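Chains as they are written, first to last, in this note's numbering: chain A, 1 to 523; chain B, 1 to 335; chain C, 1 to 394.
Calculated directly from the structure, the hints in this document are not laboratory data. These numbers were taken from a predicted model, which means no experiment stands behind them. For each residue, glycine too, the CB sits at the ideal point set by N, CA and C. Hints may contain errors.
[What the hints assert, rightly or not] Here are the computed distance ranges between Cβ atoms for each label pair:
| no. | chain 1 | residue 1 | chain 2 | residue 2 | range |
| --- | --- | --- | --- | --- | --- |
| 1 | B | His-240 | C | Gly-50 | 56 to 62 angstroms |
| 2 | B | Asn-168 | A | Pro-287 | 45 to 51 angstroms |
| 3 | C | Lys-367 | B | Tyr-173 | 55 to 61 angstroms |
| 4 | B | Tyr-173 | C | Asp-374 | 53 to 59 angstroms |
| 5 | A | Pro-287 | B | Glu-41 | 33 to 39 angstroms |
| 6 | C | Gly-46 | A | Arg-107 | 37 to 43 angstroms |
| 7 | A | Leu-4 | C | Gly-50 | 22 to 28 angstroms |
| 8 | A | Phe-175 | C | Gly-50 | 29 to 35 angstroms |
[Unchecked claim] No farther apart than 30 angstroms at their CA atoms in a straight line, the calculated lysine-lysine pairs in the DSSO-like style are these:
| no. | chain 1 | residue 1 | chain 2 | residue 2 |
| --- | --- | --- | --- | --- |
| 9 | C | Lys-302 | A | Lys-228 |
| 10 | B | Lys-279 | C | Lys-302 |
| 11 | B | Lys-53 | A | Lys-403 |
| 12 | B | Lys-53 | A | Lys-317 |
| 13 | B | Lys-190 | A | Lys-329 |
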Amino acid sequence: MQRLLTLRNARRVAQVFFFALFLFFVFVTDLRYLKGYPVSLFLELDPLVGFATAITTHTVYMGLIWGLLLILPTLLFGRIFCNWICPYGILHHFTGWLIGKRRAEERERIESNRYKKLYSLKYVILIAMIAAALGGTLQIGWLDPIALFHRSMTTVILPAINLFFPTSIYVRQYFHVGAWAIGFILLFFVGMNVVIPRFFCRVVCPLGAFLGTLSTLSLWRIDRDVTKCVDCDLCLKNCEGASDPHTDLRKSECFVCFNCIEDCPEDALSFKFMPSLKTEVTAPVVPRRRLFLGTLVGLGFYAFGRTSGASDRNYDKAVIRPPGSLEEKGFLDACIKCDQCLRACPTNVLQPAVMESGIEGIWTPILNMKIGFCEVNCTLCGEVCPTGAIQPISIEEKTGTGKFAAQGPVKLGTAFFDLGRCLPWSMETPCVVCEEVCPVSPKAIYSHEVTITKRDGNPITLRRPYVDPALCIGCGICEHECPVTDEAAIRVTAIGETRSHDRRLLMDGGVTGATPDLEKRDR
Amino acid sequence: MANDSSQPPANQVDRREFLWRLGAAGALLAGSAYAGVKLWEPGHVVPGFQKVKGLQLANYALAPSTILPSMAIAHGTDHEKTIRAALGALGGMGRFIQRGDVVMLKPNVAFDRPPALAATTHPDALRAVAKLAFEAGASQVIVADNPINSPVGCFFKSGITAVASEMNLDLIYPGSNSFSPLELNGEILKNWTFFSEPFKKATKVIGVTPCKDHNLCHASMTMKNWYGLLGGRRNQFHQHIHSIVSDFALMMKPTLVILDGMNVLMSNGPTGGRLSDVKPMNTIVAGTDMVAVDAYGYTHLLERDLAELTYIHKAHDRGLGNKNWQDTLYKEVQA
Amino acid sequence: MIPFLSLKGLGKKPGPASRRDFVRTKIPLGENIAAGAILILLVVIGIVIGWKGTQFDPNLYSVRDGSLEATAAPVVGKSQTVRPSSEVAAVPDQAITPEKPTASETPSESSAENTSSTPPPAATGEPLEIGLDGIKPMGATEFYTSDTLYEKIDGRAPAYQNFNVQQMRCRTFSVVAASGSYVDVSEYRFDSPLDAFGMFASERDPKGKPTDFVTDGYSGEMGYFFRQGPVYVQIIASDEKPETIAAATAIAQNRAKALPVDDTGIAGRRELPAAGMIADSVTFVADNAQGQSTLKNVFEAKYDFNGGQLPFFIMVASAADAAKAWESYQKFCGNFGQAEALPDVNGAKIFRAQIFGKWKVIYLRDKEIGGVFDAADGDKARAFVEGYLLGKMK
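Next comes chain A alone, as it looks inside the complex (with noise of 0.2 angstroms):
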């Protein structure tokens, strides 16, 4: 018993439990069962985020100060996060051991564990996103793993689950725009593990390399008793991070792992407090001119991406964010593109943006209301949002009502009746199902009763309905629930949203945001 009780073995047993624990939170991010889970609890414990968004937002969102709670590991043992916490990490650790070299000649197995100068490309990626943070984008929702995790999870994998298995995981099939694409870059990074093994935690991942150069200061550190090693190298069969602990250890590749200490016949090797860094590499080796080419690369992405306009002057109609979002540039500063939002929302309106808020908002969730429609009485997208580019906002925040009844509802756009393919307007045929939904009261939808003649002679009675831009708060039941489906009679646009004081619809001349006009309200 007492030779199971090793370092390996407890970190096994970790990677077991916070694996579980991170599919057990992306299940039960759901209306059924979500309850009182801390489902953003990896992304709130991921240092990175609230590093990045500190740069951009310059504050410590909520419950991004837990990522104080892993700096201290960090600071005392190295990157224990990537392999005994992170999800993705450990994902691609139980790749490896699936299909990689586990089989393979004990030689090559060595061989692909040695440390390669392509993996320093991590830290020039993490420079390019922090460069990027300062310019004032926040980019490192690309490739930080605990969100390429999340939302490959939430837009391809448990889609995918129910497709196969019909409402195992929603209700009804759940879609997403643009699912594919993370579907396959998914895939790639699980699939690279066949070539290099922890491909993705080894050469791109940015998570690795913030706590790589904090790890530098570690205090505990594998040391290799050079009088007891006899350089058969077999420490290296196993080791995950490719830290060379058959020569210099390079602390900042080194994930703890413990398979070294385990591999090695001679006993050589410990994991020592305050080792001697003579047979130590440091530091992270990164050439000085990729860190000054990443740099360019991450201020070259914010400059270009918001010279694109995009979220500016010329921004897309179809941009309507989310209930409680921060005003555009706001939400560009604080989004990780998580996509925690899309997991919890309940009727699968929150979509991965494309190119529609330009090249920075890729992911960024948008509603789309052909799929769904923003449920009044829903705010579970703040609730679940990591880093409050979505803010927690009440129910009664977001309908204005009780205490907030003076300063209005939160609209999310306005809808517009496109008359041409309008019912009643256009097609002789009776129809409100615009009105009936409409779930505000008083309605922002209302109509007027006309008698016309129809083509055959006959007069028929219509209601034409009508909408009162002063009480629509965007929430697009009604184009949901447009009987003409492929482009409704009435659509969603982001003008009027209340978040942003320049994209408000002014009506009766009122100064934009100055002053709330009361009157128009009592109408």
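For chain A, the structure is supplied; the task is to place chains B and C on it using the hints.
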């Protein structure tokens, strides 16, 4: 942690390095913890509904004096001589302007009327005040107003542009970036958008206004003058004109106001249009209390009953000035 | 190394010197303790998360079943709504039986022109071109609607809106002969000649000199003001130089010629004097004014006169109708009160009467009958009427 005690000393860390590494790790931990806590944002907001942090104007008024008068009334026929006399009675422009001051002159340039029709600040009055300001040592004199329609046309036709170029004044036209939201706890005026650009560098503010009849609030004098600083669609305020004019006394505490009563628009204001509406009253009133100056102007220049002037009584009741100018320290002189 | 496949499965490594993986046997106690502590920590984390799951506000997750239904009153009087797409495909046209609206109910809504109401007055129009020598336009024509008028005249706009101003266009012309001088031309278009007259009269300068080229107009030292048709024209010169005034005069005559004459509905209104009129007190009574069946199309207004208020009226009609009205009014007053004839003033016949404690002084002159009615002071009433007849009040 296999800490083999048989390690040769050469592999061990010396004391200095030990402390340094321990300290560095501790410092990094403490630093990030401190930064994290300092920047921590535990609450949420409803985006778009946050209170707009507005601009609060500085108080440009001087401390009240118990010796020198707070209001001066000068009679004369020449703009410059009369203004000089009025300022002289107050103790000279040097009482208000010191060397190096950046002075903001706020005229009434609301309409594109020729000066003779007394619907705008007379160029001679502005010239005289600017001259006095420079003599007192002002390093820069700014002139600005926000007429809704075509500022260039209004400044030009009212003759102010010519004075600005002649006297080397900084004429600031309102542009799209010249406005910012105000922060005021007024009756009507709270967060309205405000022509803030001319005030960025100003250290003293002087209002130079004509004395006019006004069909909505009965008179447009030194208090109504600040209406020209509001932006946006300000015609909404016409329904609450008396409240908002009294709000101006809360919003703006100028160093000095000068009421040009040399030619008074007695009827058909604020636009006028007929010379017959204009009556020469040959008076200049200068003072530190807008309420007092306006009270004198309404009774003695427009020759009407002060009871009608609702905004004066509102401002007085709110403690923003004293309508009973006779009870204050004032001086009446002949130019 | 010659690799060969091992059929023994997991853990068996190919290679000539296949050796088993090394397995550590000596595990230091410290490591055991650390590993044990970590395992316990994991359990604790699991428990804490499980507990956290129970702490929540149930209101957050209550999706109301009725959320797709309206929260306000159901739609009243609707025709059949469209059924789901699967049903509609199979249903032929006749299934939609129109409800027969009762013929008289909604006649006004019976056209699809509900959507196009009269468009609001456009803020554009024909540029103000004045083809005169000696003046040059100084810019483009500006156009304003009733709502945007304040952008030009600020606080004066409500006064014009009270008289239903529709549009204003204005343009400035420079005077070639006098450099630096210019003339402002403003034309306010109202909805009727009567409203245009009302605004013109409210701003009228009592000391203005009448013009010879237009009936309702006057000039001052620096400009011309007149009404022609439903348009109130203001022509203001920038200074009193003779060249500028000459240009202003030429422009005024040009506009008077260009604008069509239309005096519909003004007849009596024009005669009402402006002096002392209480603002907004003008009313029009179509018939039965003051209870007299012969008084039709009457204009009434109230005046401040000598410290009191006097109501005054004027009716302009054919000479015969006016005379008939005057006589019947006089007879009426004689029957119910005391009437006395007063000496003629300036070609007008007058009588004064006191009925029910109030005084009337009524005159008849050609096509015009009018006078003070319901006054408290008979002498004041008489003085007012005589002053009017003598042309002392304008």
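Hint-by-hint comparison with the structure:
For His-240/B and Gly-50/C, the hinted distance range of 56 to 62 angstroms is satisfied, since their beta carbons lie about 60 angstroms from each other. Here the CB-CB span from Asn-168/B to Pro-287/A is close to 59 angstroms, at odds with the stated 45 to 51 angstroms. At about 57 angstroms, the beta-carbon gap between Lys-367/C and Tyr-173/B stays in the expected band of 55 to 61 angstroms. Against the hinted window of 53 to 59 angstroms, the Cβ-Cβ separation of Tyr-173/B and Asp-374/C comes to about 56 angstroms, which satisfies the hint.
For the pair Pro-287/A and Glu-41/B, the supplied restraint of 33 to 39 angstroms holds, since their beta-carbon distance comes to about 38 angstroms. For Gly-46/C and Arg-107/A, the hinted distance range of 37 to 43 angstroms is satisfied, since their beta carbons lie about 41 angstroms from each other. Range check, Leu-4/A to Gly-50/C: Cβ separation about 26 angstroms, and the 22 to 28 angstroms hint holds. Our hint of 29 to 35 angstroms for Phe-175/A and Gly-50/C holds, since their Cβ atoms are close to 32 angstroms apart.
Taking the CA atoms of Lys-302/C and Lys-228/A, the gap is near 119 angstroms; set against the 30 angstroms cutoff, the hint is violated. At most 30 angstroms may separate the alpha-carbon atoms for a hinted pair to count; Lys-279/B and Lys-302/C meet this at roughly 27 angstroms. In summary, the hint linking Lys-53/B to Lys-403/A is supported, as the alpha carbons are separated by about 22 angstroms, within the 30 angstroms threshold. Distance hint between Lys-53/B and Lys-317/A is fulfilled; the C-alpha atoms sit about 29 angstroms from each other, no more than 30 angstroms.
At most 30 angstroms may separate the alpha-carbon atoms for a hinted pair to count; Lys-190/B and Lys-329/A meet this at roughly 27 angstroms.
Checked against the numbered hints above, the structure violates hints 2 and 9; every other hint is satisfied.
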